Amino acid sequence: MSELHNREVDPVTGHDTTGHDWNGIKELNTPFPKLVIWALVLTFAYSVIAWVLLPAWPLGRDYTRGLWALDQDEEAVTGYRALETGRQGWLARFTESDLEELRADAGLMAAAYPAAQRLFGDNCAACHGTAGQGGPGFPVLADATWLWSGEPAEIALTIRHGINAEDPETRYAEMPSFDWMETGDLEALAQFVAGLRDGTADAGSPAATLFSENCASCHGEGGEGGLGVGAPSLTDQAVIYGQDAATVLETLRHGRQGVMPAWTARLSPAEINLLALYVAGLDTAGDEAGQ
Amino acid sequence: MTATLTYSERRVGLALSVLLTLLGFAMAAAARQGVMSVHGFMALALGLGLAVRLGGALYDPPPPRERMQRYDDAPTRFGIAMTLVWAIIGMAAGVWVAALLYWPEATPPWPATSFGRLRPVHTTGIIFGFGGNALIATSFHVLQRSARARLADSVSPWVVLLGYNLFCAWAVTGYLMGSTQSKEYAEAAWYADLWLVVIWITYFALYLRTLARRAEPHIYVANWYYLAFILVVAMLHIVNNLALPVRLTTAESFPVWSGVQDAMVQWWYGHNAVAFFLTAGFLGMLYYFLPVRSGRPIWSYRLSIVSFWGITFFYIWVGSHHLHYTALPYWAQTLGMTFSIMLLVPSWASAGNAIATLNGAWHKVRDDATLRFMFVAAVFYGLSTFEGSFLAIRPVNSLSHYTDWTIGHVHSGTLGWVAMIVFGAIYTLVPQVSGRVDMASPRAVEWHFWLAVTGTLVYVIAMWNAGITQGLMWRTYDANGALSYSFLQSVQAMAPYYLLRTIGGAMFLAGAAICAWNCRATMRAAQGEARDRPLVAQPAE
Numbered sequence: 001m002s003e004l005h006n007r008e009v010d011p012v013t014g015h016d017t018t019g020h021d022w023n024g025i026k027e028l029n030t031p032f033p034k035l036v037i038w039a040l041v042l043t044f045a046y047s048v049i050a051w052v053l054l055p056a057w058p059l060g061r062d063y064t065r066g067l068w069a070l071d072q073d074e075e076a077v078t079g080y081r082a083l084e085t086g087r088q089g090w091l092a093r094f095t096e097s098d099l100e101e102l103r104a105d106a107g108l109m110a111a112a113y114p115a116a117q118r119l120f121g122d123n124c125a126a127c128h129g130t131a132g133q134g135g136p137g138f139p140v141l142a143d144a145t146w147l148w149s150g151e152p153a154e155i156a157l158t159i160r161h162g163i164n165a166e167d168p169e170t171r172y173a174e175m176p177s178f179d180w181m182e183t184g185d186l187e188a189l190a191q192f193v194a195g196l197r198d199g200t201a202d203a204g205s206p207a208a209t210l211f212s213e214n215c216a217s218c219h220g221e222g223g224e225g226g227l228g229v230g231a232p233s234l235t236d237q238a239v240i241y242g243q244d245a246a247t248v249l250e251t252l253r254h255g256r257q258g259v260m261p262a263w264t265a266r267l268s269p270a271e272i273n274l275l276a277l278y279v280a281g282l283d284t285a286g287d288e289a290g291q
Numbered sequence: 001m002t003a004t005l006t007y008s009e010r011r012v013g014l015a016l017s018v019l020l021t022l023l024g025f026a027m028a029a030a031a032r033q034g035v036m037s038v039h040g041f042m043a044l045a046l047g048l049g050l051a052v053r054l055g056g057a058l059y060d061p062p063p064p065r066e067r068m069q070r071y072d073d074a075p076t077r078f079g080i081a082m083t084l085v086w087a088i089i090g091m092a093a094g095v096w097v098a099a100l101l102y103w104p105e106a107t108p109p110w111p112a113t114s115f116g117r118l119r120p121v122h123t124t125g126i127i128f129g130f131g132g133n134a135l136i137a138t139s140f141h142v143l144q145r146s147a148r149a150r151l152a153d154s155v156s157p158w159v160v161l162l163g164y165n166l167f168c169a170w171a172v173t174g175y176l177m178g179s180t181q182s183k184e185y186a187e188a189a190w191y192a193d194l195w196l197v198v199i200w201i202t203y204f205a206l207y208l209r210t211l212a213r214r215a216e217p218h219i220y221v222a223n224w225y226y227l228a229f230i231l232v233v234a235m236l237h238i239v240n241n242l243a244l245p246v247r248l249t250t251a252e253s254f255p256v257w258s259g260v261q262d263a264m265v266q267w268w269y270g271h272n273a274v275a276f277f278l279t280a281g282f283l284g285m286l287y288y289f290l291p292v293r294s295g296r297p298i299w300s301y302r303l304s305i306v307s308f309w310g311i312t313f314f315y316i317w318v319g320s321h322h323l324h325y326t327a328l329p330y331w332a333q334t335l336g337m338t339f340s341i342m343l344l345v346p347s348w349a350s351a352g353n354a355i356a357t358l359n360g361a362w363h364k365v366r367d368d369a370t371l372r373f374m375f376v377a378a379v380f381y382g383l384s385t386f387e388g389s390f391l392a393i394r395p396v397n398s399l400s401h402y403t404d405w406t407i408g409h410v411h412s413g414t415l416g417w418v419a420m421i422v423f424g425a426i427y428t429l430v431p432q433v434s435g436r437v438d439m440a441s442p443r444a445v446e447w448h449f450w451l452a453v454t455g456t457l458v459y460v461i462a463m464w465n466a467g468i469t470q471g472l473m474w475r476t477y478d479a480n481g482a483l484s485y486s487f488l489q490s491v492q493a494m495a496p497y498y499l500l501r502t503i504g505g506a507m508f509l510a511g512a513a514i515c516a517w518n519c520r521a522t523m524r525a526a527q528g529e530a531r532d533r534p535l536v537a538q539p540a541e
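Just so you know, the sequences run in chain order P and A. Last residue of the first sequence: 291 (the UniProt record's numbering), numbering continuous. Last residue of the second sequence: 541 (the UniProt record's numbering), numbering continuous.
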């Protein structure tokens with residue numbers, strides 16, 4: 001079939017067709033657009049310049065280093081160091097161990113506060129909430145009662161070594177199981193503890209005696225907590241696992257042993273001190289956020 | 001299916017069905033339990049079903065003698081139906097996981113419904129289920145018409161389509177049961193990968209055999225693209241999936257690649273899946289259906305040749321741009337970046353060639369929603385290839401990488417370009433193979449078009465905003481050298497965008513559902529078969 005005979009001129013563009021015909025599909029013999037050639041030249045020039053300046057072509061066991069001789073490992077380290085240097089003006093101060101003195105320096109604390117907020121958001125908020133409001137299984141940090149202590153130095157210790165963590169110096173705390181108790185006693189005790197929250201617990205009941213014999217040594221005579229042994233207050237509306245009678249019964253039967261990880265491997269000593277001061281400040285700064 | 005097969009073809013089909021049944025039985029028996037055994041039973045069920053159907057129809061009247069003087073459109077019709085089935089599955093999974101990102105607490109308590117298992121159901125369902133079936137179905141149509149020849153035989157198109165869909169079903173059900181190779185877009189188990197190789201070789205052979213019988217002296221450009229798609233995807237699939245099974249009786253395997261070589265092979269595969277699965281084949285679709293629907297000649301023959309070789313040559317190099325600032329050597333990153341920039345020229349040349357083809361047919365673009373689908377596809381092809389080259393520039397990538405900008409970019413390509421050209425092709429092809437002038441409801445096509453365009457824009461714009469916001473929040477430091485935002489704040493900032501994305505995706509899904517309904521109605525109201533005929537009748541085998 002002679003293609004030349006099939007050529008025709010397209011009335012819209014004025015170009016002739018190639019003479020090919022596929023079931024009605026034709027193609028115009030439009031000349032190759034100059035714009036495309038220039039675009040190819042331009043992008044090729046960009047590439048050649050990049051190849052000359054940057055590491056680009058492999059040469060067996062080596063590669064062309066490029067005129068700029070860039071190394072991405074060095075760039076990453078240099079960039080990180082530059083940022084670190086920018087922080088040294090204030091962050092280095094936090095390596096000091098006298099946290100009270102640091103807390104008294106209002107200017108320093110103001111400079112460090114945004115960084116402390118980010119550190120808290122990136123490392124603590126996933127469990128303790130963005131404002132330290134806690135949640136089921138995770139203690140509230142924004143109220144006035146503490147499992148261990150609200151002193152910054154003690155908080156720093158908790159952050160460093162954790163609670164029940166895989167760390168030789170970790171804090172240790174366990175709510176033991178009271179499954180040896182009679183079911184009736186357990187249920188009465190659970191009702192009593194649930195009542196501590198809203199003040200409806202009957203101080204003259206047999207359950208009150210059970211409480212004072214079995215619970216008070218850790219949770220305090222009135223359940224007010226704050227003894228610094230890792231046992232929560234049962235009167236401050238913020239029990240870790242919940243304070244309805246059913247949950248308390250579950251806790252009494254099976255015990256609890258929550259874990260707070262140790263952070264020394266991830267955070268620097270200065271960052272830990274900064275965070276400790278930030279968390280210590282949450283109970284005054286975050287009264288509204290606490291639930 | 002059986003009505004178009006001769007007695008001997010039905011016998012071949014029956015034998016193959018029995019073989020598939022035996023294979024399924026062997027898999028189930030060897031594995032005894034777990035994913036592989038479920039997959040064995042699936043193959044067994046498919047084989048048995050086909051055997052019953054073919055065996056039952058074995059002595060039915062043979063097809064009319066003039067069968068050989070017609071095109072073989074039954075596989076295309078089946079492929080289009082599967083395209084739409086997978087569109088609904090894949091897009092519904094997509095909308096579901098998009099909603100989970102906005103309401104994560106709504107995750108149901110069953111392992112099969114976790115985000116991690118459903119996300120590959122979405123990607124595989126769309127890329128392989130929807131995209132793959134559309135490519136195979138349209139390739140049969142385009143190949144026969146542009147070669148003016150009937151498919152080389154009547155059994156292998158069914159082997160390709162049924163076998164391919166078994167692969168997709170194996171892949172997707174495997175993910176739901178927790179089986180994955182953990183390679184993005186290549187999660188399917190080793191035996192599914194081997195199965196796909198067999199199917200793919202059958203497909204390639206069928207394509208070449210039909211092309212060899214063409215009644216036209218030249219091979220139309222659409223066929224080059226389809227061939228590039230078939231050939232390169234085979235190469236990518238085999239190299240990336242090289243793995244040693246832990247046991248021949250379980251789905252688990254170890255990839256032969258490790259470390260940074262594994263990452264490089266994976267993204268060489270991953271990006272060329274975009275290039276040759278999601279681009280080359282769909283360009284073949286564009287090069288055929290756009291001139292057919294607009295009634296215009298391709299604007300420039302020369303440009304289509306140069307674009308084809310430009311795209312096939314440059315794409316193969318660019319996978320390393322997925323690994324900027326990683327353990328991959330700097331030199332490989334530079335090469336990926338520079339070839340990505342050069343790639344823009346043939347990509348835009350293709351988009352420009354398509355849009356210039358519409359010169360003289362703009363009134364049709366205005367009036368015909370089907371042609372508008374193709375026009376929008378060409379525009380989004382241009383947009384997303386520009387965006388791709390731009391994101392491949394190393395410093396730009398330092399902002400965009402790991403953010404939702406990547407998701408936005410992918411969907412501007414898959415919703416705006418790939419799905420739009422598929423719908424344009426479907427609305428051209430379905431009436432034709434149903435012997436009709438138009439779809440059952442042209443108004444529904446119009447509705448689908450606007451839902452698809454609006455859904456795409458809402459989705460893509462939301463993700464651009466989300467990605468750039470994330471990228472900036474992650475890298476902003478205050479004057480004291482501390483990060484300005486915690487990671488959690490960047491997650492909270494995503495909420496409005498994730499909601500918008502869910503809405504955009506739901507609109508797109510609604511459009512696809514309308515399309516599926518319309519295609520079903522059209523095929524049910526078919527007035528005979530396609531009226532065009534091959535130029536030269538095929539000799540009977």
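Hints listed in this document are in silico derivations from the structure and should not be mistaken for laboratory results. Predicted, not measured: the structure shown is a model, and the values here were computed from it. Possibly wrong hints are sitting among the right ones.
[As the list claims (entries may be wrong)] Pulled a few chain A residues facing chain P out of the computed Cβ check, cut under 8 Å:
(1) PHE254
(2) PRO255
(3) PRO291
(4) VAL292
(5) ILE298
(6) MET337
(7) GLU387
(8) LEU472
(9) TRP474
(10) ASN480
(11) GLY481
[What the hints assert, rightly or not] Covered stretches of chain A (in silico footprint by chain P; criterion: 3 or more residues with CB under 8 Å from a CB of chain P, positions within the stretch not fixed):
(12) 21 to 27
(13) 58 to 66
(14) 124 to 133
(15) 338 to 345
(16) 425 to 433
[As the list claims (entries may be wrong)] Over the 10 Å line for every Cβ pair with chain A, so calculated as not near, a few chain P residues:
(17) LEU28
(18) PRO33
(19) VAL36
(20) PRO55
(21) GLY66
(22) GLU84
(23) ARG87
(24) GLY89
(25) GLU96
(26) ALA115
(27) ARG118
In this text, a Cβ means the ideal position worked out from N, Cα and C, and glycines have one as well.
Do the hints match the structure? See the list:
no., hint, in the structure
1, PHE254, "violated (27 Å)"
2, PRO255, "violated (23 Å)"
3, PRO291, "holds (5 Å)"
4, VAL292, "holds (6 Å)"
5, ILE298, "holds (4 Å)"
6, MET337, "holds (7 Å)"
7, GLU387, "violated (16 Å)"
8, LEU472, "violated (15 Å)"
9, TRP474, "violated (11 Å)"
10, ASN480, "holds (6 Å)"
11, GLY481, "holds (3 Å)"
12, 21 to 27, "violated (count 0)"
13, 58 to 66, "violated (count 0)"
14, 124 to 133, "violated (count 0)"
15, 338 to 345, "holds (count 6)"
16, 425 to 433, "violated (count 0)"
17, LEU28, "violated (5 Å)"
18, PRO33, "violated (7 Å)"
19, VAL36, "violated (5 Å)"
20, PRO55, "violated (4 Å)"
21, GLY66, "violated (8 Å)"
22, GLU84, "violated (8 Å)"
23, ARG87, "violated (4 Å)"
24, GLY89, "violated (8 Å)"
25, GLU96, "holds (18 Å)"
26, ALA115, "violated (3 Å)"
27, ARG118, "violated (5 Å)"
Checked against the numbered hints above, the structure breaks hints 1, 2, 7, 8, 9, 12, 13, 14, 16, 17, 18, 19, 20, 21, 22, 23, 24, 26 and 27 and satisfies the rest.
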